[in-house]
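Number of protein chains: 2
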Amino acid sequence: MQKRYLLAPGPTQIPPEVLLKMAEPMIHHRNPVFETVVEKVRTGLKFLFGTRNEVLIFASSGTGAMEGAVTNMLSPGDKAIVVRSGKFGERWAEICGAYGVVSINIDLPWGDKLDPSAIAEALEANPDAKAVYTQATETSTGTIFPTREIAQIVRNYPGTLMVVDGITGVGVLPLPMDEWGIDILIGGSQKALMLPPGLAFAGVSDKAWEMNKSSKIPKFYFNWAKERENLKKNQTNFTPAISLITGLRESLRILKEEGLENVYRRSDMLARATREGVVAIGLEIFSKNPSPAVTAICAPEGIDGQAIYKTLWKKYGVTGAGGQDFLKGRIFRLATLGYADKYDVITAVAAIEFTLNDLGYSFPLGAGVAAAVNCLKDL
Amino acid sequence: MQKRYLLAPGPTQIPPEVLLKMAEPMIHHRNPVFETVVEKVRTGLKFLFGTRNEVLIFASSGTGAMEGAVTNMLSPGDKAIVVRSGKFGERWAEICGAYGVVSINIDLPWGDKLDPSAIAEALEANPDAKAVYTQATETSTGTIFPTREIAQIVRNYPGTLMVVDGITGVGVLPLPMDEWGIDILIGGSQKALMLPPGLAFAGVSDKAWEMNKSSKIPKFYFNWAKERENLKKNQTNFTPAISLITGLRESLRILKEEGLENVYRRSDMLARATREGVVAIGLEIFSKNPSPAVTAICAPEGIDGQAIYKTLWKKYGVTGAGGQDFLKGRIFRLATLGYADKYDVITAVAAIEFTLNDLGYSFPLGAGVAAAVNCLKDL
Numbered sequence: 001m002q003k004r005y006l007l008a009p010g011p012t013q014i015p016p017e018v019l020l021k022m023a024e025p026m027i028h029h030r031n032p033v034f035e036t037v038v039e040k041v042r043t044g045l046k047f048l049f050g051t052r053n054e055v056l057i058f059a060s061s062g063t064g065a066m067e068g069a070v071t072n073m074l075s076p077g078d079k080a081i082v083v084r085s086g087k088f089g090e091r092w093a094e095i096c097g098a099y100g101v102v103s104i105n106i107d108l109p110w111g112d113k114l115d116p117s118a119i120a121e122a123l124e125a126n127p128d129a130k131a132v133y134t135q136a137t138e139t140s141t142g143t144i145f146p147t148r149e150i151a152q153i154v155r156n157y158p159g160t161l162m163v164v165d166g167i168t169g170v171g172v173l174p175l176p177m178d179e180w181g182i183d184i185l186i187g188g189s190q191k192a193l194m195l196p197p198g199l200a201f202a203g204v205s206d207k208a209w210e211m212n213k214s215s216k217i218p219k220f221y222f223n224w225a226k227e228r229e230n231l232k233k234n235q236t237n238f239t240p241a242i243s244l245i246t247g248l249r250e251s252l253r254i255l256k257e258e259g260l261e262n263v264y265r266r267s268d269m270l271a272r273a274t275r276e277g278v279v280a281i282g283l284e285i286f287s288k289n290p291s292p293a294v295t296a297i298c299a300p301e302g303i304d305g306q307a308i309y310k311t312l313w314k315k316y317g318v319t320g321a322g323g324q325d326f327l328k329g330r331i332f333r334l335a336t337l338g339y340a341d342k343y344d345v346i347t348a349v350a351a352i353e354f355t356l357n358d359l360g361y362s363f364p365l366g367a368g369v370a371a372a373v374n375c376l377k378d379l
Numbered sequence: 001m002q003k004r005y006l007l008a009p010g011p012t013q014i015p016p017e018v019l020l021k022m023a024e025p026m027i028h029h030r031n032p033v034f035e036t037v038v039e040k041v042r043t044g045l046k047f048l049f050g051t052r053n054e055v056l057i058f059a060s061s062g063t064g065a066m067e068g069a070v071t072n073m074l075s076p077g078d079k080a081i082v083v084r085s086g087k088f089g090e091r092w093a094e095i096c097g098a099y100g101v102v103s104i105n106i107d108l109p110w111g112d113k114l115d116p117s118a119i120a121e122a123l124e125a126n127p128d129a130k131a132v133y134t135q136a137t138e139t140s141t142g143t144i145f146p147t148r149e150i151a152q153i154v155r156n157y158p159g160t161l162m163v164v165d166g167i168t169g170v171g172v173l174p175l176p177m178d179e180w181g182i183d184i185l186i187g188g189s190q191k192a193l194m195l196p197p198g199l200a201f202a203g204v205s206d207k208a209w210e211m212n213k214s215s216k217i218p219k220f221y222f223n224w225a226k227e228r229e230n231l232k233k234n235q236t237n238f239t240p241a242i243s244l245i246t247g248l249r250e251s252l253r254i255l256k257e258e259g260l261e262n263v264y265r266r267s268d269m270l271a272r273a274t275r276e277g278v279v280a281i282g283l284e285i286f287s288k289n290p291s292p293a294v295t296a297i298c299a300p301e302g303i304d305g306q307a308i309y310k311t312l313w314k315k316y317g318v319t320g321a322g323g324q325d326f327l328k329g330r331i332f333r334l335a336t337l338g339y340a341d342k343y344d345v346i347t348a349v350a351a352i353e354f355t356l357n358d359l360g361y362s363f364p365l366g367a368g369v370a371a372a373v374n375c376l377k378d379l
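Line by line, the protein sequences are chains A and B. For what it's worth, our numbering labels the leading residue of the first sequence as 1, then goes sequentially. For what it's worth, our numbering labels the leading residue of the second sequence as 1, then goes sequentially.
There could be a bad hint or two in this list.
With a straight-line cut-off of 25 Å between C-alpha atoms, the simulated SDA-like cross-links for lysine to any residue are [stated by the list, open to error]:
1) 216/B to 284/A
2) 113/A to 284/A
3) 232/A to 90/B
4) 87/A to 219/B
5) 207/B to 158/B
6) 377/B to 272/B
7) 207/A to 159/A
8) 328/B to 235/A
9) 213/A to 219/B
10) 226/B to 223/A
11) 226/B to 98/A
Hints are computed from structural coordinates only; laboratory data are not their basis.
Let the sequences and hints guide you as you build the complete structure.
Listed below in structure tokens is the structure:
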């Protein structure tokens, strides 16, 4: 017997009531029953994204909405500023490149703390940049970026959009779009929304809709203006991922019931306990500004990070994630977003202890879980 | 108490064992357990599509794969021949238009029988057309197109691809790609594959992969070459719709167990019985070459087709579909694809009888189901 614990930075665990909801017999999307579901989901997403504007829903993974945030706003030859400090920052630059947008890359070493002044300088040098593309938290390094401060800077540029990939940010930490001045906020279903992958979201500000009018990059499946038109009638442009949207209604209900402040506090405390747990056994945190969504932990000297990830998964039942790209072997990651509670963190830290003990790392066995328990006593 | 019967041309009913499979706890996609699922699914899809080439899997609705069949093959300014004889033929032309492809439209009146010679003539007049875009069955009119014959014609043009939207065709009628010379065959999860919407498929021939090399339309999320590269390692380019792919493995198993010939015969017989049932009560079939996937039935003189569709749905528990576009009010549709059996057809015909009786149409009540039962006795 081996029980399985999914603590990866997406997909994440799904509450049983959401799984059951999605297992109900299929309903048709062009009828009032489904339209009622969409209506509830629209309200819930506006609440979660902190906006009075529509939050678009796509049948795609998060990257589809990231692509749309380029193709629906810019035109070939436009300039955009991209924060490139991890796998997903690189993705912004790749999308820009694919569509003929010139990306001005702010290349910050992976895991470093982003100083908002870097954005201010890039904008001063490129006041004609049409957008700043960034992450709320960079999943590949477990780093949080100062979204609020960046948005404040971008606000001064009437011709520049503040675009945030919040795929591992929405539902993990506050990102109130309207209050902070985020123009586009992207989300994905398989993270804090506690659903299977297959849905992407995009909150879109008035400023962004204005820019959309003059965008000349071709689009069809991800045509945001048509999507909004349909959404206002509780419909989607093409056949929606019905079962996932049905589950989303339930997930949003659960998040609302807990209260966003409590949800954010929970993720923050769980990530903190994860960090304190592993630090107590002598490990180091990779990020200089760690995220509440996912913790990137450095493999100790002489031990392969992939061996840790694989032993955790195979022998000890805990699915985390390894490092990506040049971080492969150097770090392993454990997430604390979505349907994760204090026992998940204690389980994860215990599994790390078992794993490192197996791999010949020397440390006081039990010190990690003790630190985690101490940290979690008030949650 | 009202039991619900979903007999729309997508989404369709989902077998309970598939629903339960998708309700299992989430698993991570970057690990061997999921890779085994993908490997099985690849084999199953090749079998279903009748090809030794890979069948690509996308997290999107079917339209996403239709878009990809344009953006991954052609370049702006290229010519393409489009059979436009319904809502989905129009979609091909719209996608071409969005990406700067010049569509030469064969405008056949909706529901008419397509003569393959129309394609031959269009190709003679436009031998430089890079593709012929067509449907296996046009869902909006319930019409079957002569895919095999068209493919035979297109085969003579080494620089022209035969692209078939088989979203309501795959798993309903034979479309063996390699044998018939279909270059791209598109499928969707929510039809004969008996899954929720959210997955699209594309079988791609060697000829199409050759053309892909010189395609200049930009793409990122739907980059087929990258998708193939990943698929060969049992992975996907971006986070896949894990729960749907897990369900797909089960659906493919069910289809294989029944045997494709039996699956095709079942759809054919069910559609035939639907037609005979409604003809027996004096109704007319809209299509001049009716499809085994979906039957478009003309509303009798003086009765609104939308009223029939709505009464069927609301009062009699049967979800069909209304007419689209200018056919709204003139027809209503009932599908016989996927997880549909003879009792579904008898139920549907009975519900039509109850509905028409309510709406004041005069006919021998019971004649429809009697005709259907007679037609279905050998299935």
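Can you name, in rising order, the numbers of the hints this structure does not satisfy? 1
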